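Fit the two chains together into the complex; they arrive one by one in their own frames, and the hints show the way.
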Amino acid sequence: MKLKRREFSQSLLGMLAAASGAAAAPVPGLPPQARPALPPAADIQLTAEQRKLYQASLSTLARQLRQVRRFPLGYSESPASVFLAPPTVALKPSRRP
Amino acid sequence: MKTLPSSLAFADLARLGAGLRRREFTAVELAEFYLDRLRRYGPRLHAVVTLTPELAMDQARRADRELAAGHDRGPLHGIPWGAKDLLDTAGIRTTWGAPPFADRVPKSNATVVARLEAAGAVLVAKLAMIELAGGGNYNVASASLTGAALNPWNPKRWTGGSSSGPGAAVAAGLVGFAIGSETWGSIVNPSTWCGIAGLRPTYGRVSRAGAMALSWTMDKLGPMARYAADLGPILAAIAGPDERDATALDAEFSFTAASSPRLDGIRIGYFPLASLPAASPIRPLYPAALRQLKRLGATLISTRLPDFPYGPTATTILYAEGSAAFAPLIASPDLQKLADPTQIAGLYAGTRMCAVDYLRATQLRCSAQQRMEEFFQRHQLDALLHAGSRWLPPLAGIPFDQQPPAQPAHKAKTAPDAADLRNVYELSGAGNLLGLPAVAFNIGFDARHKLPLGLELAARPLQEALLLRIAMAYQRTTPWHRRHPDLTAI
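Chains A and B, in that order, are what the protein sequence lines are.
One rule links them: number in the working numbering = place in the first sequence (from 1) + 288.
One rule links them: number in the working numbering = place in the second sequence (from 1) + 1.
Simulated from the structure, these hints should not be mistaken for laboratory data.
As the structure is a computational prediction, the values presented were derived from the model and not from experiment.
By construction, the Cβ of each residue, glycine as well, lies at the ideal position given by its N, Cα and C atoms.
There's no promise every hint is true.
[What the hints assert, rightly or not] Examples of chain B residues toward chain A, derived with CB under 8 Å:
hint, residue
1, Phe254
2, Pro310
3, Ala346
4, Arg353
5, Arg361
6, Leu365
[Claimed, not checked] Here are the computed distance ranges between Cβ atoms for each label pair:
hint, chain 1, residue 1, chain 2, residue 2, range
7, A, Lys340, B, Met2, 54 to 64 Å
8, B, Leu360, A, Arg351, 15 to 25 Å
9, A, Gly362, B, Arg105, 41 to 51 Å
10, A, Gly362, B, Thr478, 39 to 49 Å
11, B, Asp487, A, Lys340, 39 to 49 Å
12, B, Arg94, A, Glu337, 22 to 32 Å
13, B, Asp308, A, Glu337, 31 to 41 Å
14, B, Ala490, A, Gly362, 28 to 38 Å
15, A, Arg354, B, Ser303, 28 to 38 Å
Only chain B is shown next, with the shape it has when bound in the complex (with noise of 0.2 Å):
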């Protein structure tokens, strides 16, 4: 078998792509290459639930074949992906990451499990998550059946959640790119504290059938990448409508690159450097990304959300809707075996919610909505920016309540103020409760810890294709997403 450089392992879409057309690599060597990564890096990390061999293998073939007879499934044709271990894999255990369902095997594939196999990429694994995406809260990073992920940059860090394998395994170079979910935070998080590329898309826009649902209100399933550029292919293949799930939006989704990364006549929202807290670590690198999107052509407003309790609004859905999602586990025994008690109360705690609590919430959202799109309208803005990371990853072997000061990651000491609470965590929950698509992308490094801290640009309803255009001109002109970590330390 043929032995494979270690730097294919951080290679875009487009460079394993050639490699495939070219003859130079085929679709059963990648596969095996990439596999054999998840093999030695995989457990360490613990990134993965369980590995698909023998599936990676029949698909890769047909990749290989199709490939010598001259069909070409486009960009993902032969690339290997892992999948968050929510979305169903017939007759392959999906978990949810919780040991209540550790042997759960689904019938048939997720739509987009199926959908990426229509496009010609190849699944290798299924990804470790946090339990139940989180839905009923938790304070450990090891709230996993596979315990806490490890951050590839730095093992004894967390790599955030809850679509915590689908990130340490695309930074860390164990897969060409994975597909993870989002409630609130979950593909952002994750993506900003691993230092690769993430896309929320807006709700509606990728079929969550076959997929967990903790919140159908909420729920969003999006490509998790090493760059901005390679989103794109990936949502094109998982987007649109499906009579599987009534909720996916009639919206295809195409994207072309632009050939300059200009963003002359762009108006880009942001929060200014005095919304973040004092001591967070992004505060040195926030204001050179905005003078890099500026440098590009954009056009910056410094600007402020609608006043509105976006935060409560969401968390009054989430709880409501995953409490109701969970409900036959809430009343089983089987309850117990959560890996975090946090998780077991918060589920049991959003039993008590009101419907009238719930009805007046998603009464709220409409109101929001109105709220957005006039704020938008009123500031003349194409997209909202703001630090994602605005703390370093917590410790995986402390609770997030037991940090140490320098790192407050949920309940911090050095306490945000009400302006960041008002827009940088707002922004977060607004753009969940709304719908909004966001990218994420890494904007540099921790200067002490070496860590990569990234920023969330959201935008309105179904402009997936304008947030990708920026994040790629940022990547096109900066060197950030070029560095990978080291893995020898692992």
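This is chain A alone, in the form it adopts within the complex (with noise of 0.2 Å):
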């Protein structure tokens, strides 16, 4: 299943919705049980300071991947061969003394 771009940002509003106490949102495109399966912050005992700051991380991390989701891949390989690759499969031996 592909979703749109405008979908994926509307599942960050989800996120951010439950952030406020508010049910989780539905994410369009995506079955019941591919939500979060962590509970929303209003199951955890937050102060209301710490509230806002997860609200104010949310909303950093909304940025961030707003540009990781944004940016072309542009790898010369397969997508498979580069999949979940942590640094040191890509090492290559230096070139140059």
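Below is the structure:
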């Protein structure tokens, strides 16, 4: 299933809604079981200050994710070969001394 | 007991080793000397979590016995050192700098601890750190079990983090050297702000077995010392494959210091002065450091990093992996015991990360590795240099986002421009995202505040020896690393 960018953004809005204490909004295009398994912020004991910081963290993450989602991958190998490769896998001996 | 001269506190490994081998002092005397300084200055600087005098005396007595018997384990034999308190030590509490783990006592040693013991080094202290290495982010220097680590050069200022105890203890001459960790800036940052030398090894160069996990694909362990020349022998002792850590590379590290400080034939890319914010205190020092490297024979090439969202990609991976690593804590009421609410909120926020985003970030990382390799090839670069400390260390008692305008440590009122973000900030993100090695070293002092400022020099994977050669050449021809803080005011 391919999600459009707008739908991705909406999933983040769902996360933000959860942060504000509202029930987690359904993520368009995803079945219910694909929603975050962890309880929304309302279910854990966050103080008012922590809740505010939590929302700020989510907003920061949302800004970062926007760039991660938009930037073209641009790799020359097949996606399968780079799937989940940690840095060591891609290490190459340097060609200069 | 013999009284050792206080100047010995700031000696390098060669001087300490020579003194031991000439019987000028014993390993026991040297350990007691540093333990005494740790007891005197450690609490004032909030640099120490736990002293390890019994272990130290056992190890020092063994070192003396072996030297007397002609068994020399090498340059670290009998040298007192301190471990960032995220390295497991058998039977000695290892707190991860965090109140919820204040009583955590591991049963076995981290591989790095075991390797340093095998090299004859003497563990004298577990050193302070930002709680959980700052994985969920933090907004106060006191985000630590032991409070805000204070900078020996000016105790009103912070040391930097998250290897804050190692930064303070090495700069103040409380240990011979220390081991820190870096996921994103945690060795380089306190090294530059404390005026010492720090080495962030290539990802996988040093085993993380027995070290607190924050980000499995970004965590690195590395040495922090007063002199760049000391970093090589320490890395040689701790590097190499480890059956306890599948990510540890099968790549031994050996280092022989060059006889000449000449850097002819070495090409160093640097970001132009214009990429630094106008108010940055390192601006007056940066051109002089570049000139010095050029004088030594290096070819300097003004450059810019390939466009890439290094920072956002690293953030995505760090938050996802950090929140996974600390999932049991996040699900526990102990989460509330953390010292900084920003950390609590950040860790919880990381649990909201979608798997799809995390996986895309790991794919982007592979793409960035290719781009970076091409970048080094295209410009025939050996190393990349940037201003490691763009700002003075924050005032220790004030949250980072409320620092006076002249100290825009995190949320700058004189905001860095786009070029700064793309280059200076991004090199730190890029280096850690891609697992590149880097060395940090002092290039002078802020004229007004008398605080040290430093450079970060990064290279391709496994090029630590080259980085050390450049840093050592710089230090052999400049005086900054030979200055030490005056502790009488502390």
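| message | Using the nearest Cβ pair, does Phe254 of chain B come within less than 8 Å of chain A? | response | With a closest approach of 14 Å, the Phe254 of chain B hint is violated.
| request: Starting from the hint 28 to 38 Å, judge whether the C-beta atoms of Arg354 of chain A and Ser303 of chain B obey it. | output: holds, 31 Å
| Between Asp487 of chain B and Lys340 of chain A, does the beta-carbon spacing fit 39 to 49 Å? | For Lys340 of chain A against Asp487 of chain B, whose Cβ atoms are near 42 Å apart, the range 39 to 49 Å holds.
| query | Should the hint that Lys340 of chain A and Met2 of chain B are 54 to 64 Å apart at their CB atoms be regarded as holding? | reply | holds, 55 Å
| field | Range hint 22 to 32 Å (beta carbons of Arg94 of chain B and Glu337 of chain A) holds or violated | value | holds, 30 Å
| field | Arg353 of chain B as chain A interface residue, shortest Cβ-Cβ below 8 Å | value | holds, 5 Å
| field | Restraint satisfaction for Pro310 of chain B [CB to CB of chain A, less than 8 Å] | value | holds, 4 Å
| query | Measuring from the C-beta of Arg361 of chain B to each C-beta in chain A, is the shortest one below 8 Å? | reply | holds, 6 Å
| field | Cut-off 8 Å, beta-carbon criterion: hint that Leu365 of chain B touches chain A | value | Constraint on Leu365 of chain B satisfied, holds at 6 Å.
| Quick one: are Ala490 of chain B and Gly362 of chain A within 28 to 38 Å, going by C-beta? | violated, 54 Å
| message | Under 8 Å is the threshold here; is the Cβ of Ala346 of chain B close enough to any Cβ of chain A for the hint to stand? | response | Holds, because the Cβ-Cβ distance from Ala346 of chain B to chain A comes to roughly 4 Å (cut-off 8 Å).
| message | Tell me if the beta carbons of Leu360 of chain B and Arg351 of chain A are separated by a distance inside 15 to 25 Å. | response | For Arg351 of chain A against Leu360 of chain B, whose Cβ atoms are near 19 Å apart, the range 15 to 25 Å holds.
Violation of the numbered hints given earlier is confined to hints 1 and 14; the remaining hints are satisfied by the structure.
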